[in-house]
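Sequences are here, hints too, so could you generate the full structure?
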Amino acid sequence: MATANPVVVREATFQDGIDLSVFDAAPAVTKTGPAVGAVSETPSYNKAAASAAAVADAIENPISSSANNSTLKARSAAGDAAIGDPSGCSTLEPAGSGGVQTTDSYNAFMVNQTLKDIGNNAPVPQGYQLSFSGKQGSTSQNGYLGLYTLKSFDTILCQQKCDAATACTAFNLYIQRDPKYTPTSACQNPPSTINYKCTLWGLAVTSDTATNNGQWRQQFHVGITASNGYVKNVKPDAAPGFDGPTAFGGAINAPDKSFIGSKYFPGPYDASQCTAACQGTTQYDRDHPNADGTYDACNFVNSYVLSENNAPQGTYCGLYTKSWDKKYSTNYGQYRGNDYYSVSSSYGWTLNPQDPGHI
Numbered sequence: 004m005a006t007a008n009p010v011v012v013r014e015a016t017f018q019d020g021i022d023l024s025v026f027d028a029a030p031a032v033t034k035t036g037p038a039v040g041a042v043s044e045t046p047s048y049n050k051a052a053a054s055a056a057a058v059a060d061a062i063e064n065p066i067s068s069s070a071n072n073s074t075l076k077a078r079s080a081a082g083d084a085a086i087g088d089p090s091g092c093s094t095l096e097p098a099g100s101g102g103v104q105t106t107d108s109y110n111a112f113m114v115n116q117t118l119k120d121i122g123n124n125a126p127v128p129q130g131y132q133l134s135f136s137g138k139q140g141s142t143s144q145n146g147y148l149g150l151y152t153l154k155s156f157d158t159i160l161c162q163q164k165c166d167a168a169t170a171c172t173a174f175n176l177y178i179q180r181d182p183k184y185t186p187t188s189a190c191q192n193p194p195s196t197i198n199y200k201c202t203l204w205g206l207a208v209t210s211d212t213a214t215n216n217g218q219w220r221q222q223f224h225v226g227i228t229a230s231n232g233y234v235k236n237v238k239p240d241a242a243p244g245f246d247g248p249t250a251f252g253g254a255i256n257a258p259d260k261s262f263i264g265s266k267y268f269p270g271p272y273d274a275s276q277c278t279a280a281c282q283g284t285t286q287y288d289r290d291h292p293n294a295d296g297t298y299d300a301c302n303f304v305n306s307y308v309l310s311e312n313n314a315p316q317g318t319y320c321g322l323y324t325k326s327w328d329k330k331y332s333t334n335y336g337q338y339r340g341n342d343y344y345s346v347s348s349s350y351g352w353t354l355n356p357q358d359p360g361h362i
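Residue 4 is where the sequence shown starts when you use the numbering used here, and the numbers rise one by one after that.
Derived from the structure by calculation, the hints contain no laboratory data.
Some clues are possibly wrong.
[To be verified] Restraint-style ranges between C-beta atoms, simulated for each label pair: (1) Ala56 to Val114: 45 to 51 Å; (2) Thr45 to Ser100: 18 to 24 Å; (3) Tyr343 to Ala41: 31 to 37 Å; (4) Ser188 to Pro243: 21 to 27 Å; (5) Pro243 to Thr105: 57 to 63 Å; (6) Ala29 to Thr94: 16 to 22 Å; (7) Asn64 to Ala41: 41 to 47 Å; (8) Pro126 to Ala29: 34 to 40 Å; (9) Ala28 to Thr105: 51 to 57 Å; (10) Ala250 to Val103: 47 to 53 Å; (11) Tyr335 to Ser43: 35 to 41 Å; (12) Ala189 to Val237: 45 to 51 Å.
The beta-carbon is built from N, C-alpha and C at its ideal position, and this holds for glycine as well.
The structure is reproduced here in structure tokens:
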């Protein structure tokens with residue numbers, strides 16, 4: 004097909020660990036959690052659109068063999084501000100289902116053992132595992148899908164919301180101290196209300212992702228407690244035209260010249276982007292063959308979640324001219340300086356039938 008992009012001359016090559024240049028080149032994710040004050044944000048991730056975009060990206064930005072491993076305003080905690088006179092407050096925010104505290108202050112909320120016990124005693128839904136519990140921060144990372152405010156600390160309902168959302172692999176349920184009225188210059192520290200928040204994620208949540216410790220809204224201090232994270236026990240879906248997925252340990256580290264290159268997609272873990280990128284890469288290469296009529300056909304994909312210092316970042320794809328089995332999935336992670344990049348949810352897909360790689 005005709006393209007305005009330069010033709011990339013490439014040979015499949017030996018693989019030397021995880022190519023972090025594709026990670027570095029990815030656009031920054033700007034939405035890493037719910038908006039301040041949000042009550043509900045419906046998930047809108049579209050797998051079909053993501054796969055189509057991955058094919059287009061593989062054609063418009065073909066893999067080059069030259070790629071290699073590359074290298075809210077804070078306030079001082081001066082104590083609790085007194086709850087302001089609500090007479091200047093005019094806009095009610097949705098009432099929380101957790102009631103109000105006897106002592107209405109941020110500090111009292113953060114040490115409230117009754118609230119902590121609610122989280123500690125919550126059941127783990129079937130098909131999920133508890134990733135962390137009892138944190139006083141909510142998850143903030145790539146892969147945010149949506150938010151629901153619940154009537155209670157209902158792990159089963161939050162799990163059902165996750166199961167109904169495309170690409171949801173984890174959820175974070177927590178208790179949040181919110182303002183009863185919208186804080187303004189005339190309503191700087193209104194009384195509080197308590198909400199049960201359920202956020203959905205397209206990447207695993209870990210204790211290292213629970214970094215949102217609340218915000219200041221005027222003089223009102225939003226607080227978070229009883230924060231629990233749950234991760235779904237499920238493998239990716241099958242992909243049309245491919246056999247698999249086959250579960251691996253780490254990432255594939257191919258010992259011969261079968262490695263085409265890598266693609267990386269920040270945000271929810273969606274392995275279909277990798278199989279789509281594989282097909283798009285073959286389409287580009289077939290349209291730009293070598294002089295002898297050969298081309299690099301993508302016949303195998305290794306897809307996994309790439310994490311930076313135990314915080315999941317997005318979907319990483321390794322593309323190969325031939326398939327590899329589990330004994331070659333030996334790369335569980337690598338350091339770059341003081342940062343550690345680790346591999347999880349690693350799976351392989353093999354094209355069926357295989358593309359011979361010649362016109």
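We went through each hint and held it up to the structure:
1. Remark: the range hint 45 to 51 Å for Ala56 to Val114 is upheld by a beta-carbon distance near 47 Å.
2. At roughly 19 Å, the beta carbons of Thr45 and Ser100 sit within the given window of 18 to 24 Å.
3. In this structure, Tyr343 and Ala41 meet the distance hint of 31 to 37 Å, their C-beta atoms being roughly 33 Å apart.
4. A hinted range of 21 to 27 Å for the beta carbons of Ser188 and Pro243 is inconsistent with their spacing of about 57 Å.
5. Separated by about 59 Å at the C-beta atoms, Pro243 and Thr105 satisfy the suggested range of 57 to 63 Å.
6. Between Ala29 and Thr94, the C-beta spacing of about 39 Å breaks the proposed range 16 to 22 Å.
7. In this structure, Asn64 and Ala41 break the distance hint of 41 to 47 Å, their C-beta atoms being roughly 34 Å apart.
8. Take Pro126 and Ala29: their Cβ atoms lie about 37 Å apart, and the range 34 to 40 Å holds.
9. Between Ala28 and Thr105 the Cβ separation comes to about 53 Å, which falls inside the hinted range of 51 to 57 Å.
10. At about 48 Å, the beta-carbon gap between Ala250 and Val103 stays in the expected band of 47 to 53 Å.
11. Look at Tyr335 against Ser43: about 38 Å separates their beta carbons, and that is inside 35 to 41 Å.
12. Evaluation of the 45 to 51 Å hint for Ala189 and Val237 yields a pass: the beta carbon distance comes to about 49 Å.
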